[in-house]
Amino acid sequence: MSLRRLTLVILVVFITTEAASGEEIKKAVGDAVCFRPNRIDPPASSIMWKHRNSSGVLLKVIEWDCNGFSIPNQRFKDITTLDKETGEITIRDLNVKHSGLYTININSKEQEQRFHLEVLERVPKPVIKTQKSINPDAVYLICEYSETIIWKNSAGKTLKGLKLHLKGEFIMVEKQGNPENFYTCTLENAVSEATSDPVYERDLFNGETVKKLHTT
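The sequence shown runs -22 to -1, 1 to 194 under mature numbering (1 follows the signal peptide of the UniProt record, and there is no 0).
Hints are supplied without guarantee of correctness; some may be wrong.
Stated by the list, open to error - The list that follows gives simulated cross-link-like pairs (lysine-lysine, DSSO-like), each with its CA atoms no further than 30 Å apart:
#1 145 with 130
#2 107 with 75
#3 62 with 103
#4 87 with 62
#5 135 with 153
#6 87 with 130
#7 103 with 87
#8 141 with 153
#9 87 with 107
#10 107 with 62
#11 4 with 28
#12 4 with 138
Just so you know, the hints here were simulated from the structure itself, not pulled from any lab data.
Using the sequences and the hints given, assemble the complete structure.
And the structure:
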């Protein structure tokens, strides 16, 4: 196969894959999202957006034709609008049930564009738990969550956490002699982050009972 023909094949495969895979969008619960077709040519006499969830259930989201606008499914009522000039759809106040594949029909013909939406819960504000070690000048700080965890100290340095047996991470901190030193735990996912209240050194070393940590 010539180099020119091979290049053409690769280009066709790339374009086909891109059209089939579509645009990936991630949003948080409560956010809004907009999907817009590349163009509407010729001018549209009807537009319909459809949604397919992970189970394969297909729903009509919103439709416009000569009879006006229609939103037949309760899941999208009062939160969905359509610009009939551009074909752009806007969905507000998203929840996880809005996740899935969105496609558009223009003049009763399904377009190649695909929009894959994933709606995620916002991470909660974490709470740091403490457990004393045998060493009276050291203490374990624990963040028991499934999301990505970032530990930092009051100097802004990122600290490496160790995995807990079930979920979460812990770090061991040593007494530095500065009661204003503190540590925080931040949770992250693709759409949100939240940081704990700081835990100060002055509150950590008060001789509480030792407990055993279960690590991987």
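To see whether the hints hold, each was checked on the structure:
| no. | hint | verdict |
| --- | --- | --- |
| 1 | 145 with 130 | holds (19 Å) |
| 2 | 107 with 75 | violated (33 Å) |
| 3 | 62 with 103 | violated (41 Å) |
| 4 | 87 with 62 | holds (16 Å) |
| 5 | 135 with 153 | holds (16 Å) |
| 6 | 87 with 130 | violated (53 Å) |
| 7 | 103 with 87 | violated (46 Å) |
| 8 | 141 with 153 | holds (22 Å) |
| 9 | 87 with 107 | violated (57 Å) |
| 10 | 107 with 62 | violated (53 Å) |
| 11 | 4 with 28 | holds (18 Å) |
| 12 | 4 with 138 | holds (28 Å) |
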